[in-house]
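2 protein chains.
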Amino acid sequence: MNQDYIKPDSWSIIEEGFDTHRVKSSESIFSIGNGAMGQRANFEEHYSGPTFQGSYIAGVYYPDKTKVGWWKNGYPEYFAKVLNAPNWIGINVSVNGEQLDLFTCKKVDNFKRELNMQEGWLSRSFTATLQNNIQIEVKTKRFLSLDLEELGAIEYHITPINNDAQIQFQPYLDGGITNEDTNWDDKFWDILKVSHENNRAFIETKTMKTFFYVSTFMESKVYLNNKGLFLNPDINSEHNYISFDYNHHVKKGETYSIQKFGGYVADRNYDKTELVSVSKQILDKAITLGFDGLLKKQKEAWANIWERADINITGDVKAQQGIRFNIFQLNQTYLGKDSRLNIGPKGFTGEKYGGSTYWDTEAYCIPFYMATKDEKVARNLLEYRYNHLEKAIENAEKLGFKNGAALYPMVTMNGEECHNEWEITFEEIHRNGAIAFAIFNYYRYTGDYSYIPEKGLEVLIGIARFWQQRASFSTDKNKYVILGVTGPNEYENNVNNNWYTNYIAQWCISYTIENIEKIMLEYPADYIRIIDKLKLDKLEIEQWKTVADNMYFPYSEKHQVYLQQDGFLDKELIAVSSLDKSQRPINQKWSWDRILRSPYIKQADVLQGFYFFEDQFTTESLERHFDFYEPFTVHESSLSPCVHSIQAAKLNRMDQAYQFYLRTSRLDLDDYNHEVHEGLHITSMAGTWMSIVEGFGGMRIKDNKLSFTPKIPKQWEAYSFKINFRNHILKVDIGHKQTHFEILSGSELEILVNNKSILLTTKQLQAV
Amino acid sequence: MNQDYIKPDSWSIIEEGFDTHRVKSSESIFSIGNGAMGQRANFEEHYSGPTFQGSYIAGVYYPDKTKVGWWKNGYPEYFAKVLNAPNWIGINVSVNGEQLDLFTCKKVDNFKRELNMQEGWLSRSFTATLQNNIQIEVKTKRFLSLDLEELGAIEYHITPINNDAQIQFQPYLDGGITNEDTNWDDKFWDILKVSHENNRAFIETKTMKTFFYVSTFMESKVYLNNKGLFLNPDINSEHNYISFDYNHHVKKGETYSIQKFGGYVADRNYDKTELVSVSKQILDKAITLGFDGLLKKQKEAWANIWERADINITGDVKAQQGIRFNIFQLNQTYLGKDSRLNIGPKGFTGEKYGGSTYWDTEAYCIPFYMATKDEKVARNLLEYRYNHLEKAIENAEKLGFKNGAALYPMVTMNGEECHNEWEITFEEIHRNGAIAFAIFNYYRYTGDYSYIPEKGLEVLIGIARFWQQRASFSTDKNKYVILGVTGPNEYENNVNNNWYTNYIAQWCISYTIENIEKIMLEYPADYIRIIDKLKLDKLEIEQWKTVADNMYFPYSEKHQVYLQQDGFLDKELIAVSSLDKSQRPINQKWSWDRILRSPYIKQADVLQGFYFFEDQFTTESLERHFDFYEPFTVHESSLSPCVHSIQAAKLNRMDQAYQFYLRTSRLDLDDYNHEVHEGLHITSMAGTWMSIVEGFGGMRIKDNKLSFTPKIPKQWEAYSFKINFRNHILKVDIGHKQTHFEILSGSELEILVNNKSILLTTKQLQAV
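Residue numbers (the working numbering), protein chains in the order written: chain A, 1 to 768; chain B, 1 to 768.
Read the hints as simulated data drawn from the structure, not as lab findings.
Treat the hints with care, since some could be wrong.
In this list, chains with the same sequence are indistinguishable; a pair is considered to hold if it fits within one copy or across any two.
Claimed, not checked - Pairs of lysine-lysine, DSS-like flavour, derived with a Cα cap of 30 angstroms:
| # | residue 1 | residue 2 |
| --- | --- | --- |
| 1 | Lys398 | Lys352 |
| 2 | Lys141 | Lys280 |
| 3 | Lys581 | Lys535 |
| 4 | Lys67 | Lys209 |
Work out the full structure, taking the sequences as your base and the hints as a guide.
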């Protein structure tokens with residue numbers, strides 16, 4: 001954890017001073033993206049120190065052959081890896097023949113990075129003294145365009161301070177890149193063609209095995225003191241690399257600049273024969289608008305996002321910076337324009353975990369996107385799973401299930417399971433529950449039922465079938481049990497009757513039956529189509545019901561709590577607070593068996609169930625379970641603090657809620673887990689948003705109405721957020737004494753505030 | 001399973017007819033070894049069809065970097081791999097310039113292999129028609145000398161049948177070999193030098209990483225019609241290969257022959273600077289004795305082994321062949337001469353499983369070696385573990401144990417853990433119990449207590465410490481529990497309170513305390529030395545006692561059986577007999593989660609405990625447990641049928657016992673598990689021996705006396721075996737009506753037969 005690293009600022013992430021040990025961490029934190037592509041904040045110029053180079057294209061992946069010590073039946077053949085794409089940002093800079101390299105400079109001063117979240121750009125400035133004693137000042141700015149999603153733009157200024165100098169800009173494209181995360185050091189890209197035309201260059205590539213075709217392109221323009229120069233560059237074209245040399249003799253105090261436009265056009269969106277010509281069209285547009293014109297549009301586009309998504313906190317700049325960073329990164333990762341995409345746990349900021357879709361999407365991200373974007377975005381995320389239903393059925397078949405039972409993958413890029421640890425892949429089956437819950441949650445929030453008869457019910461039926469087949473009857477307990485699972489707490493494996501899993505399994509079946517009945521009555525044509533397609537009959541539904549009605553739930557009479565799993569009370573229940581600090585985090589200090597037999601909980605498990613199904617439990621019961629489980633929780637998953645923050649706020653434990661909030665919102669900025677160099681925790685960022693809106697704001701949907709129980713941490717003066725609820729844009733301003741509600745768009749709306757009904761009329765501020 | 005493949009014969013393994021699909025299986029079955037080295041039955045001449053080449057040197061291994069998908073703390077860095085060594089058996093044969101290759105011959109007739117177990121040699125004969133229409137007859141014989149353990153000898157005769165022919169023998173050494181089992185396709189051997197002198201050649205090599213130095217050597221002599229020829233060979237020497245060409249024009253009907261002597265000298269036994277000169281001394285001895293002289297000594301040496309170890313069965317040639325094959329292979333693998341060696345699960349017949357030492361040694365092999373060799377051999381096996389005690393303590397420390405607690409590795413070559421699946425490596429801890437049990441068993445059988453004060457007690461204390469620390473107190477059960485283990489039944493992982501594990505843990509502690517008390521009284525000097533060295537005090541022993549006295553054992557009142565683990569009764573208890581055959585073996589058909597939540601048992605678990613601790617349970621209780629568990633047992637471990645055969649015999653279920661016997665004794669010959677091509681199941685072969693001697697013969701030690709309850713399968717006329725019991729060699733002959741006992745060496749002996757005491761006097765046959 002490093003609390004002094006990032007300067008507090010309400011709209012920007014700022015790092016001052018150059019520290020080679022922080023380069024990889026900053027490359028993660030200052031990452032930029034536009035939903036279609038993204039990249040780590042690597043330097044444009046050469047850097048010979050420790051760095052993690054990464055530039056990624058949404059939806060372009062490589063099926064890396066599974067690596068495993070001991071193969072088990074049912075393991076997937078490959079793990080879909082997020083794929084480092086050809087480098088288009090590179091600009092080698094030399095000064096009197098010496099390459100600029102911050103790792104080898106004599107001195108680097110005034111180093112500053114800024115990630116301007118309000119406007120969506122990244123800048124860097126510094127002065128440096130090279131080995132040849134030339135002192136230079138450098139200023140750069142870079143962004144990935146929200147407007148032209150294949151395009152990024154860079155501006156790079158250099159000014160010799162103490163002498164005239166011969167300066168060379170060498171913008172390049174490089175296809176000779178590798179992945180940090182690779183099982184077998186495979187080559188991931190095939191280079192097809194390197195070409196150029198005037199100041200433009202193109203590298204055409206295709207990925208091995210998956211055959212994604214991509215054109216990486218660039219065009220550059222150079223300036224002296226902001227006036228265009230027309231230099232004739234030397235061109236160096238190799239089999240996987242091309243560079244242009246722009247040389248100029250620059251007088252002391254003059255500023256030599258380059259603007260570089262570049263990016264990727266992929267055959268996911270265009271015909272593969274047209275990639276270069278589309279690249280040219282994009283460059284044409286870029287050149288027409290120019291760097292400044294593109295930047296203006298960038299600011300407008302980000303302003304539009306913030307208009308809907310911003311959360312404003314006054315009186316606590318670190319909390320403010322934290323939540324904006326989270327909202328910003330989520331929007332850099334996924335904008336909801338493309339239903340083939342999803343929200344990878346590291347977005348475009350790293351390669352760890354591979355894949356793009358975990359249950360994080362349904363459990364954490366959908367609420368954020370429902371409230372801050374049009375409902376179509378959340379529906380796209382639901383449809384993503386509908387489109388993968390067939391693969392989920394195949395996946396279940398591999399594990400011995402039949403008759404259309406569906407098991408969604410733990411990790412996936414295209415619907416196929418990628419994960420290959422038996423205790424996760426085969427046993428962390430609760431993920432199926434979150435996918436069904438998201439369908440319920442979408443309807444609850446948006447009121448749009450149409451998705452369920454159209455698509456959702458088929459998903460629900462596949463999932464209900466899975467749970468009925470996966471449960472088995474225990475003669476000993478005279479109940480249905482679910483044996484051999486891993487719950488949300490991955491620090492217990494292969495346990496029996498994980499309460500969360502059993503509960504969500506029962507709920508999935510009941511909810512599916514409820515929807516079948518509703519659709520039978522209200523959407524008879526859909527009903528017939530679905531029943532016919534899925535060959536569902538009453539007898540089968542009866543079987544589901546039998547399982548759901550007779551599900552076993554481990555419970556402790558002594559503690560008056562549901563047990564996380566059958567064996568929980570056999571553990572030595574020593575609270576985390578009694579653990580020596582040298583033992584933390586336990587996942588880095590202890591062998592796996594020791595973790596498994598310990599009572600320590602990685603992330604909310606029973607409490608996750610209380611979060612999802614809040615209405616089904618009393619607050620007293622929540623409090624009892626919170627008091628029982630939280631003391632054993634080590635929060636070593638990024639997804640843990642947010643749920644605990646929400647639950648603590650509900651229990652009026654605002655100090656605890658606030659601590660959990662800081663931990664979730666500044667997890668990466670303050671690097672709590674010493675791993676930010678690997679990339680950011682994107683999906684948990686949506687949990688941060690929930691901590692404020694659902695935690696402090698107490699937002700819920702009750703009987704089709706928005707409901708709030710506003711609270712505020714004592715460290716804050718006030719905070720406000722907006723939400724899109726069924727075509728109303730509502731602004732909520734919460735202070736210590738009052739909460740203001742304002743409808744910014746849409747008709748009047750009845751809401752509940754502290755369980756009292758209030759009618760909000762349009763364009764009238766209402767204080768409560 | 002292939003019952004017609006191997007011809008029934010009481011002393012030989014015979015294959016008739018050439019089938020390319022059987023080559024790899026036969027290479028396993030016809031393997032030869034002399035305890036110091038061994039090899040698969042690869043052809044001497046080139047073979048271009050599917051083959052698995054393997055020649056292994058005892059104790060020479062490679063630390064193959066661990067391959068794992070998801071690293072967990074505590075995993076070992078490497079897996080010690082059995083290492084394919086340079087090929088010394090190769091003799092390329094060409095006939096009129098065409099290479100002899102059974103895979104490409106026009107015709108192969110009269111193909112016959114014989115592994116003569118009585119005399120310890122392998123032969124092969126065939127006639128073949130080459131593509132050039134030359135017909136030849138070939139006869140070969142090969143053995144690895146028991147007398148000169150670095151040496152092997154080959155005789156190879158070829159006779160052109162239908163024409164004169166120019167025949168070339170090209171004996172060679174080849175260092176360019178690879179392993180079948182390798183994680184990263186690493187190179188395992190470094191070639192240091194290739195040299196030759198007259199008709200001799202040497203390749204000096206060292207293994208990468210482990211730096212074992214080995215000289216591989218050969219010398220050849222050629223003959224025409226058994227008369228020595230003095231040919232001047234062409235020599236082809238490359239960087240990792242050397243061959244000599246012996247050409248001769250052979251008339252139709254004449255026999256051209258080569259004798260090749262070769263083998264390995266390793267720096268495990270000699271100074272590494274002397275390996276070539278030792279190789280020459282060995283070749284000198286070989287040449288002096290000649291092939292026939294060496295073979296004569298080989299027959300004598302095997303006669304000596306059989307004199308002590310043979311089991312004779314009349315009336316059932318397949319059963320006879322089976323048990324002799326098992327005894328033969330065990331002796332080929334391990335002769336007990338070198339306490340640094342152990343008994344690998346595949347011996348010298350394959351590479352699967354790597355390592356050399358599993359708990360198989362203590363649980364299955366030691367009884368065989370105790371009864372068929374001098375007691376020093378079993379003591380060597382015990383000392384092997386004593387010598388690894390320090391590493392076992394380090395291994396436990398890695399997992400968080402302290403104060404000298406020892407966890408012996410699951411798999412090892414040099415005392416370090418090699419296995420890297422958490423559910424095995426970290427959780428299959430019952431192995432510690434078998435190692436303690438072997439100490440008890442050694443003393444029980446041999447009466448030699450000296451091992452315990454000298455060495456064994458330190459091992460016992462390390463193990464007792466481990467169990468005390470590994471158990472934890474369950475407030476809920478008010479008992480000590482052992483959470484998160486894998487029992488002998490590897491088809492359940494991470495279970496709580498595996499009965500076998502808890503039972504053997506309790507026993508280990510009690511047995512250790514018992515020995516500490518005995519040694520305190522009877523060996524006070526050893527007591528002081530050990531207590532001082534290990535810093536053991538009374539308080540600690542009290543802690544052990546508390547754990548042992550309050551150990552929890554899961555028990556079902558309803559079924560009146562101990563439960564294999566806490567959750568066993570929650571399973572759907574459907575007997576194996578109800579499983580569709582298409583689902584078997586389940587480890588090839590089912591995903592791992594499905595196996596884990598099934599009731600199916602891979603090998604004896606509770607019943608293994610009943611086997612070890614027989615005296616502590618009534619026969620009625622055994623019967624109840626057998627009837628409860630055996631119906632769920634799939635016997636997919638080679639170690640399963642033998643224990644079940646013994647238990648069935650004890651329960652007078654002789655038909656079932658006989659079926660289990662056949663399955664264990666002919667597991668490889670009849671290839672029950674479709675995997676003999678990977679190598680033989682060496683360690684389970686000792687279980688076969690136990691099935692006869694302890695199962696049918698009912699041999700036990702009761703109150704320091706040998707005890708028998710002789711039974712005989714109805715399929716047999718009679719059977720006999722010999723055992724070495726405390727310097728008495730006793731022959732036991734069991735028929736349907738009578739059992740004869742005879743003391744072949746040693747003084748008179750009181751034994752129990754069907755619980756009646758009988759005094760056997762020397763040189764007098766006693767019938768019961």
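Q | Hint check against the structure, violated hint numbers in rising order | A | Hints that this structure does not satisfy do not exist here, as all of them hold.
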